[in-house]
Amino acid sequence: MSDNRSTIPVGPYHPLQEEPEFWKLIVDGETVVDVDVRIGYNHRGIEKISESKSFDQSLFIVERICGICSSSHPIACAQAIEDICNIEVPERALYIRTITQELERIHSHMLWLGLAGHFIGYNTVFMWGWKYREPICDIMETITGNRQNYAMHKVGGVRRDIEKEHVSYILTRLDEFLKQLDMLKGAILDDPVLHARLKGVGILTREAAIEYSALGPVARASGVDIDVRRDHPYGVYSKLKWNVITQDEGDVFAKAVVRILEMFESASIVRQCLDKMPEGPIDSKPKDITPGEGIGVIEAPRGECFHYVKCDGTNSPVRHKIRAPTYMNFPTFRETVVGQTVSDATIIMASIDPCYCCTERMAIVDTNDKELLKAEDLIRLSQEKTRRIKEKLGVK
Amino acid sequence: MTIDDILKNINDHFGDRVLKTEKKSSKRAYLDIYPKDIVDMAGYIFKELGLRFNIASAVDDFDRIEILYHFAYDPSGVIISVRAILNDKDSPSIDTITHVTKAAWWIEREIHELFGVEFEGNEDLRTLLLPDDWPKGVYPMRKSFVVPKRDSRKA
Numbered sequence: 002m003s004d005n006r007s008t009i010p011v012g013p014y015h016p017l018q019e020e021p022e023f024w025k026l027i028v029d030g031e032t033v034v035d036v037d038v039r040i041g042y043n044h045r046g047i048e049k050i051s052e053s054k055s056f057d058q059s060l061f062i063v064e065r066i067c068g069i070c071s072s073s074h075p076i077a078c079a080q081a082i083e084d085i086c087n088i089e090v091p092e093r094a095l096y097i098r099t100i101t102q103e104l105e106r107i108h109s110h111m112l113w114l115g116l117a118g119h120f121i122g123y124n125t126v127f128m129w130g131w132k133y134r135e136p137i138c139d140i141m142e143t144i145t146g147n148r149q150n151y152a153m154h155k156v157g158g159v160r161r162d163i164e165k166e167h168v169s170y171i172l173t174r175l176d177e178f179l180k181q182l183d184m185l186k187g188a189i190l191d192d193p194v195l196h197a198r199l200k201g202v203g204i205l206t207r208e209a210a211i212e213y214s215a216l217g218p219v220a221r222a223s224g225v226d227i228d229v230r231r232d233h234p235y236g237v238y239s240k241l242k243w244n245v246i247t248q249d250e251g252d253v254f255a256k257a258v259v260r261i262l263e264m265f266e267s268a269s270i271v272r273q274c275l276d277k278m279p280e281g282p283i284d285s286k287p288k289d290i291t292p293g294e295g296i297g298v299i300e301a302p303r304g305e306c307f308h309y310v311k312c313d314g315t316n317s318p319v320r321h322k323i324r325a326p327t328y329m330n331f332p333t334f335r336e337t338v339v340g341q342t343v344s345d346a347t348i349i350m351a352s353i354d355p356c357y358c359c360t361e362r363m364a365i366v367d368t369n370d371k372e373l374l375k376a377e378d379l380i381r382l383s384q385e386k387t388r389r390i391k392e393k394l395g396v397k
Numbered sequence: 002m003t004i005d006d007i008l009k010n011i012n013d014h015f016g017d018r019v020l021k022t023e024k025k026s027s028k029r030a031y032l033d034i035y036p037k038d039i040v041d042m043a044g045y046i047f048k049e050l051g052l053r054f055n056i057a058s059a060v061d062d063f064d065r066i067e068i069l070y071h072f073a074y075d076p077s078g079v080i081i082s083v084r085a086i087l088n089d090k091d092s093p094s095i096d097t098i099t100h101v102t103k104a105a106w107w108i109e110r111e112i113h114e115l116f117g118v119e120f121e122g123n124e125d126l127r128t129l130l131l132p133d134d135w136p137k138g139v140y141p142m143r144k145s146f147v148v149p150k151r152d153s154r155k156a
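Quick mapping for you: the protein sequence lines, in order, are chains W and Z. This note's numbering numbers the first residue of the first sequence as 2 and each following residue consecutively. This note's numbering numbers the first residue of the second sequence as 2 and each following residue consecutively.
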């Protein structure tokens, strides 16, 4: 062990991320040699709270797990309860669920793209990503009444219908978005600087992805062909034409490619849904809850979201287990970051799209004297690397 | 493999070590086993049959604790839940399956601190969610832990 080994505490609070998380990076000079993660700063005991709420209320509780996934969790929870009581959901409601799911995926991926761009010093990508995400939030507001925390779903159906006059608005905004996304895709995927910066960085091998049960885009970028939408069909995905995007490299670039291409698939799914949606009721109005246990799985933007509900016949669950996708993707971070440089650590962390809120301040603790690095400094390190690569390539 | 193939494979391989097989629907099944068989069972399901480890969830049943290990078979959309019942509520303990799949690393830490279940052979049972100064022997997800009521007049 060299004497240069030091610890960089990252977190627990970081204004750039959604949730607090604490990473302890052990570095030897510039190289990361080990990492430890501590979560729980934002633990709200939602599983316990859910046990004291009625089933209708628990859907609102799980919606508050994450502002970004506020369509995914309620659907998974509703599916688990529908699995217990064998409730049939009307077809129109399934279509509406699918539409909100896919719009959510687009806006989550755009949000990630913007942040990733910022981390490596491409603030243009950040500005574009977040600007072009706006039409999707507008569509969400039109459909559900809210840009986030939609309160759209309930056991046995959905709360609000998509009105006829909204369809043309949705399609116009979606077209507008697709045009911009197409431009963004070209700008990002053909950029030599981004190739130099992201390719071969933070590789998660296929074997490690299986060993850690990685999910969603993280697994698909490592060549693991899983997608809950296709494998455990829910909503109306089995009736539509779409592709599961996979890449083999497992590096940060592959993860970006998977997410960007997935947005095109999502937009196509929304279009098909609006086209095929039948008329009819949107709610089956279930009355009784039977004792039993049920499982609901859905593909959230970050991967599979898992809800297990056990019921004794009363109005509230005996046990409600929630597993968000990041819970499985987090531990893979150790596989990917060890051996990489500190300037790449930020983007590797960001590449799993964690629901975390990391650095407010970090400190490099030296035995001789103390040096304080703030969050901005780590991002600066990352951005300087991009600048160096740009100079080497002669790109302005 | 359909759900019947998976259940047949497991039953053939384990014989009467599977206490009960309950097929809830064409995509979901629940199996009861003895806690001592969990490593063999998880190893067979994960390594031989190639199922993906979803998550484990513990349930407090007042006089006992049951742990459900959920495994998903993605090609046919099946989820198998393996149930191990720990009858000794005072010092519940079960073997770790982190040697079978690293994906169980965090959830074992979580169940350890929230339910007080000891995972034999797991050396990394540090606190994951609770604060460092959380009192020993208090397990917030157990039914005996009641969330304190708050008086609005003291707000």
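Among the hints, a few may not be true.
Stated by the list, open to error - Below, a list of computed lysine-lysine pairs in the DSSO-like style, where the Cα atoms sit at most 30 Å apart:
1) W/K132 <-> W/K186
2) Z/K155 <-> W/K49
3) W/K277 <-> W/K180
4) W/K288 <-> Z/K103
5) W/K165 <-> W/K49
6) W/K288 <-> W/K54
7) Z/K9 <-> W/K49
8) W/K286 <-> Z/K28
Unchecked claim - A partial selection of chain Z residues facing chain W, derived with a Cβ cut-off under 7 Å:
9) V60
10) D75
11) G78
12) I80
13) H100
14) K103
15) A104
16) W106
Claimed, not checked - Quick look at which bits of chain Z chain W covers, simulated, 3 or more residues with Cβ under 8 Å:
17) 4-16
18) 27-37
19) 53-59
20) 65-73
Source of the hints: derived by calculation from the structure; they are not laboratory data. Don't be surprised by glycine CBs; every beta carbon is placed ideally from N, CA and C.
Here is what the structure says about each hint:
1. W/K132 <-> W/K186: Given pair W/K132, W/K186 holds - Cα atoms ~15 Å apart, limit 30 Å.
2. Z/K155 <-> W/K49: 24 Å, holds
3. W/K277 <-> W/K180: 23 Å, holds
4. W/K288 <-> Z/K103: Given that 30 Å is the threshold and the Cα spacing comes to 42 Å, the pair is violated.
5. W/K165 <-> W/K49: Violated, because 41 Å separates the two Cα atoms, which is more than 30 Å.
6. W/K288 <-> W/K54: 17 Å, holds
7. Z/K9 <-> W/K49: Given that 30 Å is the threshold and the Cα spacing comes to 36 Å, the pair is violated.
8. W/K286 <-> Z/K28: 24 Å, holds
9. V60: Given a least distance of 5 Å, the restraint on Z/V60 holds.
10. D75: OK, holds: Z/D75 within 7 Å of chain W, min 4 Å.
11. G78: Interface hint status for Z/G78: holds (4 Å vs cutoff 7 Å).
12. I80: With a closest approach of 6 Å, the Z/I80 hint holds.
13. H100: 11 Å, violated
14. K103: With Cβ-Cβ at 5 Å, under 7 Å, it holds.
15. A104: 4 Å, holds
16. W106: Interface hint status for Z/W106: holds (6 Å vs cutoff 7 Å).
17. 4-16: violated (count 0)
18. 27-37: holds (count 3)
19. 53-59: As far as the segment 53-59 of chain Z goes, the hint holds, because 5 residues have Cβ atoms under 8 Å from chain W.
20. 65-73: holds (count 3)
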